Structure formats: structure tokens, C-alpha cells
Amino acid sequence: MSEPKSNISRRTLLTGAALAAGAGATAGASYWLGSVSRVSHSFGKKVIVIGVDGMDPRLCRKLMNEGKMPNMKRMAAAGGFSNLGTSCPPQSPVAWANFINGAGPGSHGIFDFIHRHPHEQCAPFFSAAETIPGQGAIEIGDHQLQLDFWPFNHQPPQTVLRRQGVPFWDFLDSQRISSVFYDLPSNYPPSPSEYGHHKCVCGMGTPDMLGSYGTYQYFSEDTPAGGVEEGGGKRSRIEFEGRSARITLVGPENSMLKLPVPVTIDVDVHRDTESGTALLVVQGKKILLKPGEWSRWTKLDFSLSAPTPLPSQHASGICRFYLQEIGPNFRLYVTPINVDPSKPAVQLSEPEDFISNVSNDLGLFYTTGFQEDHKARSNGVFDDDEFRRQATNVLEERLALFEYAVENYDDGLLFFYFSSSDLQSHMFWWEGEEDPKHPTRTSKEAASRYQYVKELYQRLDQIIGDINDRYGDKATIYVMSDHGFANFGRQFNVNSWLRDLGYLNSRECTSILVDCDWSRTRAYGMGINGLYLNLKGRERDGIVEPGEEQEKLTRQLIARLKAVRDYNGKQVIRNVYRSSEIYSGEATTLAPDLIIGYARGYRASWETCLGELTPDVLLDNTSAWSADHCADALEVPGILCCNKPFVATDPSLVDIAPSILHDFGIATPSTMTGRSIFQS
Amino acid sequence: MMLSNILSLLNTLANNTVGLLLEAIAYVPGWLSVGVIGAITGVLMLLAFKYTSHQSAIRHTRNQIKANLLGLSLFKDDLAIGLGMQVNLLKLAGMLLALSVVPMLVMIVPTCLLLSQLALWYQARPLYAGETAIVTVQGAANPAVIEQLQLSDSSAYRLAKGPVRVPEQQMACWEIEAVEPGRHELKFALGEDQIAKELAIGDGLMPVSLTRPASDWTDLLLHPREAPFSADSPVQSIAIDYPERSSWTYGTHTWLIAWFLVSMLAAFAAKPLLNVNI
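Residue numbers (our numbering), protein chains in the order written: chain A, 1 to 680; chain B, 1 to 278.
Same shape as in the complex, but just chain A:
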């Protein structure tokens, strides 16, 4: 009996098998090759950079010598510890941009927190990012629609990063070496990664849902009926009927309206004084709080109405509630409404989904650039303990993120940023040996608050020790800060000083933005350290002739500024720098003409930063913000601690990027002015 004949011939079967095998092999090879192109080319090389904002070398050395920072001492013994030259001026956005570019402000174009538009005669704006309003729209009823496609081609509003030049991770990216940054300052919106080997969560400079750099909301029974708008916060009155009240959280503006108004969310508040507990009902979610308690992060869904029949759009924010007092004066603090990292309404990371992936694993966390709410402390909404508690919440959250970062790190560059040492120092730092008399606190109080800073340094030392234990023999570890700290007991109003000497007119001028007579004004201050000439051809209403007159005025101002003395004979200004002498590069258009380097204990006055004048030139700093770093760059260097010996004797912020590239075998690019600390 013959076997039944198959419908498939042997030849067909063999051909099919060969084709299938070939296809399989091709697919396998492609996948492998694809993987190769995706994996990092660091070949296991690890570099970890811990950025500790504002960590001061003097205090570090003192605590290391006292045995209170043993881990940093251990790391310093293996590698080295040094002052780290900061930027001029030593302001965080400038300093971190120096770190990013491996070059000074002439390369990245950031000279101060605040810049001014010379063509608009000193209209100020935030230096690191700028929001450009949209152009064109279709109007439908109360709404306007911006359609950014043909044939409409409207320009929706956008926020652009103003930092210029080439960030150092681009050189790693192009070599397929992975780099991941958590909370990097001076990088919002995040710069794109061309080759996909760079990841970054934005840090300082990232706004909240209101587009501000942190606006808390505060509700109490003793707030004036009309509410109070203050720098960094909104106060509203809460009025109970029986045990219940309703408060309104103010959210982002609905930009689809012709006259944009903020979207709000009502919160029902019920208090039970018998049990000492309050119930908050937010969009159906219930939160129970006792006085002194913080809620977890709560998601807020802001519904942005669109023209009919289009569906409403939604933006997700997050906030935490802090019940300060339940009675007799009910007081409730609400954090700035942060962009929800699990569903960000704006791009907060590169790649865009990086932050939501982190949030899916880790939960919700602060996304605004300034996380410690110093404004709530400065405005008296928080007392010292409440501010410290909130700052501790931030640190705990950062530590969870840090653990996540380390757990998810294989090789390449890992950068992690801690802000606590900066913002807690601004509030609690007071070096009594330098200046025994604090402007607002008793010496005992000042010392006890300063102890908080020391304890924080010790906590950070433990973190450094932990990372050193885990990676000390496998990675190059840098611990670095952007600047140090100094007391800020007295403030100097440069515009008032210019007025008193007749450089700024009229004598009745209260603000250079409001009532300045530019036809008789030769110089003005804007930002924290910047002084500008009212230069003809550059400033809209400029009167100082470029050339001889400019030079003469510059020399005169430098000499007079250096001669300023306080009532007790102390020198107020240590040095004044000409930007033409200290900056080089292509991004100097917005540079001030002079940079004022204050002596320790002094800083620009609060009013002068945005061009306001005060009757006195020198006055006490009575703010809770009692320490600062916006002094002369030589007064407030940062720190560098590395577990690998380095040869540079006076390293500076601009040297870190070349050093990291050197670690990965990449020569210092021509865009950088710094040099590797490992090369003599």
C-alpha cells in the first residue's frame, strides 16, 4: 500500500524551511544589532555626580574635622576635597549653567536670575526660560482656538529654554554613552537628546501649574475678606457655617478663553473640634487631617472648557494639604499646585515619558523647581519648625527618588541634585563667629537654627557614605556644590545708591520700572548683582555715549562702589567686575556692564532686584531669609569631593564637565573653557 501523497512537495518544504530559517536569522541579527545600537557605549564605566546645592566648604571642613562628616572625610582621603570655584555672580542658575556647559556665562548667556530687555528699557524677565505668547487664533464665542496646522498655522504659546551653548551630555550622547539627570537646574524646558542616550528630569526653573515658581494657597479665618496676594502665595479667608465651609483652589488659566481666567476647584471643609479633626472633600476624595498633619499628594483634575462641541481638555495637578490649626482660627496651607508627574501637562523630562515612568514606580512627588517653600516662611505662613518639617518632607521624597535612581542605574553618568542644603541654609544659616548679632533672632535662636543646617549636612554625609559604599570601587564619584554660604545681615540698594549720587533720576524715583527719568539716568541696577549703564544705541532711552563717556562712567562707578562703607566702617562691596573682562563667548548680549561682588554679610536689597528704591541705601535684612550666596564669587566657593585623586589645585565649576568627559575618554571640546581636574 502506497503512502498517501502529501500536497506539499519536498522541494517546497525545503525552500520554505530555508526561507523561514533565513527570516529568523535576519530578524535575530537585526534585533541584536538594534540592541547594540541602543545600549550604552560606556562599556561599564560609571560616573556618579551628587549635586548638593549650596554646600559650603568652610562648614564642611569644620564638621569633617570634628568627625561629624566621616563619610566625606573618608572619600576625601581616598581622592580629594577642595573648594570649587563658583560662577560670577554666584547665583544658582548661572552656576549650574557653568557646570552644564563647562564654560562661563559668555557661553550660556545666563548672568543673573533676572535679565532685562534693553529695548523695552529694563523690562525684567526670568533668565533661564521664557514663555512666548501664541499668535493667531479662531474665535468661537468666548473661546479661541489655536490650530497649529495648515491652513491655520497658528503659533501656540511656548516656553523656551534660554540657556545657550552645548550641554556636556550632548558629547556623551553622541558617543552613545548614557546619562541620566534627576532634578537638573537651569534645564527647563529640557534640552532634547539627539541620539536617545540622555534622560533628564528638570529641576530648578520648572514652574508650577500656575506658571509661577511656586505659589502656595493659604486659608484662614483671620485673613482679610478680600484675600491677600503676596510674593509666592495667595491668602483667602475661610468662613464656616456651622461645621462646614467651602474653599476654592485656584489652578491654571484656561488659555482657550479669549479672556483667560483661572480654572478653580472647590474643596468642602468640615471640622469637628471635639475629635480635633478636619475633613476635606476634594473632587470626591476625602482627606482627614489633625492639626500639624500633612496629607498625601492629592490629584486635582482641572477641566479646561473648549468651544462647543469640542470636549473639555483636562490638566492634572497635584497638591498636599497641611492643617496648621483647626480652631479657634482655622488655618490650612496648600502647597503650590505641582504638575502631576504621572500625567504631566507640560514636558518635564527628556524623553517626555521618563518622568511618568518614574512616577508609575515611585508615586507622586514635587515637580516644581523650588520645592522647599521658603516663601511661606518669609511671608509668615510657616514658622521655622513648619518650614523645617516641609523641607524634611522634600528631602525624604528626594531620598526615595535617589534610591530609585541608584537602583535603576547601570553605567554611564548618573547625576542627582539635592536642594535642601541651599534652601534650608537660606533660612537657618547664621555663622555667629562672623557676625554675632542676627538682625531678627537672638544669638541663642540663631545658633539653634544653624544647628539644623549642621544636622542636615550630617544627613547628607550619610547619603554620600551610602553611595560610596555601594559604588566607591566601581565608579568615579563627585560630590559638588554650586556655591557656599554667607550671612546676609545687611542689604544694599544699588538703585538708591545711584540715586543718591545723581546717576539715577529723579530723586523722587520709587522704581525704575515706574517713575524713572531715563533722560537723566546714566546707570541702573536690575537683578541681584547686575549694574547696567543706560547706554545710547543699546538701551531704548540710552543717554551714555559709548566710548570715552562710557569708560569714564564705568571707572567712576567701580571706584565709588568699592569705597562704599557701612555705618560701622565695614566694606560693603569686595569687588566690582567688568563683564567685558570676565566674560568671553558669543552669548554676552544680555550681560550687565558691571557685576557687584558683595562682601560677606551683605547682598543686594530685596527691593533693588526688581528695580525698586528705598529711602536708605543700606538697611538691615529683617527677612527670614537670613543667609545668601549672591556675594563676591571669591567669598562663597562651592565644594568638590571626589573619590579619585585629582591634580587641579583650584578647580572650578567649569572644570567638572571636562573631567566627566575625560573619565569617559572624551577630549575636552572646544566649546568648553574648563579643564579636566585629573590633568595637570
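The hints are simulated quantities; they were obtained by calculation from the structure and are not laboratory data. No false leads were slipped in.
Derived DMTMM-like pairs (lysine to aspartate or glutamate); straight-line CA-CA distance at most 25 Å:
id: 1; chain 1: A; residue 1: K290; chain 2: B; residue 2: E177
id: 2; chain 1: A; residue 1: K299; chain 2: B; residue 2: D241
id: 3; chain 1: A; residue 1: K290; chain 2: B; residue 2: D153
id: 4; chain 1: A; residue 1: K286; chain 2: A; residue 2: E386
id: 5; chain 1: A; residue 1: K286; chain 2: B; residue 2: D203
id: 6; chain 1: A; residue 1: K286; chain 2: B; residue 2: D219
id: 7; chain 1: A; residue 1: K343; chain 2: B; residue 2: D241
id: 8; chain 1: A; residue 1: K285; chain 2: B; residue 2: E244
id: 9; chain 1: A; residue 1: K290; chain 2: B; residue 2: E168
id: 10; chain 1: A; residue 1: K286; chain 2: B; residue 2: E180
id: 11; chain 1: A; residue 1: K570; chain 2: A; residue 2: E434
id: 12; chain 1: A; residue 1: K286; chain 2: B; residue 2: D216
id: 13; chain 1: B; residue 1: K187; chain 2: A; residue 2: E274
id: 14; chain 1: A; residue 1: K286; chain 2: B; residue 2: D241
id: 15; chain 1: A; residue 1: K285; chain 2: B; residue 2: E177
id: 16; chain 1: A; residue 1: K285; chain 2: B; residue 2: E147
id: 17; chain 1: A; residue 1: K286; chain 2: B; residue 2: E177
id: 18; chain 1: A; residue 1: K285; chain 2: B; residue 2: E131
id: 19; chain 1: A; residue 1: K286; chain 2: B; residue 2: E131
id: 20; chain 1: A; residue 1: K290; chain 2: B; residue 2: E147
Predicted, not measured: the structure shown is a model, and the values here were computed from it.
Fit chain B to the given chain A structure using the hints.
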């Protein structure tokens, strides 16, 4: 009221039959239980459709649809015939829908009962030990009830905060902290009376009753596990804010989609085997 009574009865029946069968969910991974239940219910719904629908009429209608589609391509140059066939197609589609009404009516009740039973397992997860949740009691019109109501302490949970009593809204809230894994009862004292609400603590799969409902039919449909409060009860509902379950296949926001997709796939796969016309 009658509808509520009927639903209450059906819930009791579903708890004692479907609910008991679903207890097996606790012992298998969530994705597997959603998949198996989805596949079985897909096939069962297909069978129900087969035996409750007019199969020959459906077959006839579908043949007519095919004929009209064929006609459309054959006579595409003739506008009048083309339009006529399109009208026919609309009518036939409506007829097909009408022929599905009876099986849908037959299936709607058991499907709803099944889904409300499945929701007990997948809509929320139990509290982990150490985790907190808010318990909300909604009282009847008498504000005194809210003032008098007490939540008893227990070894299964700890009273963390509260109560916050809001007599104007007949509402009281407590925050409890889960302590002991298992199925427990929250016990409330109202004078001499005791009122209970089920509490689920654990890290596995177990039925979670979000609310002990009022005797309202919509509440009864959504919360089938616990006996409803009678209309004249001083307490009308007790709810616990359980956490959401996060999973692609059996999470709070996805289990229903997963179940629906699997049941549809199973039904389509079984259609030729069971010779069903849909």
C-alpha cells in the same frame, strides 16, 4: 421598591452561586482569572444567543445583506438600483438589531449580576496591613444619629482619626488603619444597636465590598455583597475608600475592558464551532 426587593433577592442568589464559584479567583493570578472567566462567559453568552434568538431569521437576514452587497458591486453603474440596495441594507441592519433584542434582554440580567460579582474582586484591592482608609457613614434625616454613632475598636483595625461628624449632611467619617489580614467587620454602635460593614485586609485577591448600600436599586446593582440597609434604617450606607488596583489586565480601570475583549474573542472563536449566527 419592588425593583429593589427583586435585586436584593437576585444579589443573594448571585452571592450564593456565582460568588461561591468565583472564590477560586483568590488562588490564581488575576490575569488568568479574568482571562478564564472572560472566555467562559463569552462562550456562554454565545450559547445563550443561539438558543434565545431566531437563528434562521438571522441567517436569512445576513444572506440578504450579502446579496445586497453583491448587488451593489454588480450594479454600481445604475444609480437607482444602487440607492435602493443601500436603503435595503439599512433596513436589514435594523432588522438584525431587532433580532438581537430578545437575546440581549435575556442576557442583560445575568451579565449585570456577573459583572457586579466580578467588580467585588477587581474594582478595588483590599487594604494592606498598616494602610489607612476613610470610612464614611451616611445617616438618614435625623442628625442625632450621626452625633450618637460610635465606631468600635477592634484588633483587626485601629481607629486612626476622627470622627468628623457633619450633621447637616448626615455624614460621619473616620480614618482606620488596617492591622490584621483577613475578612473582618467594622462594628458601629448606635445606642443599643449594632451595625456592621465588611472590611477586607490582605495583599492577595479577595472580594472587596466598597459600600454597604441603601435599598436603592442602583446601589444594589453596584454593591451586591452586603445586605442593604432598609429604607427606615437610621444608617443609610457605609462606604470604605479602598485603594485602586493597578494592573493592565485586572486593575480598577482595566478589568472590564480585559473581560470584554476576552469574552468577545472567545465568542468569535467559538462561533463556527457552535454554528451560531450573530
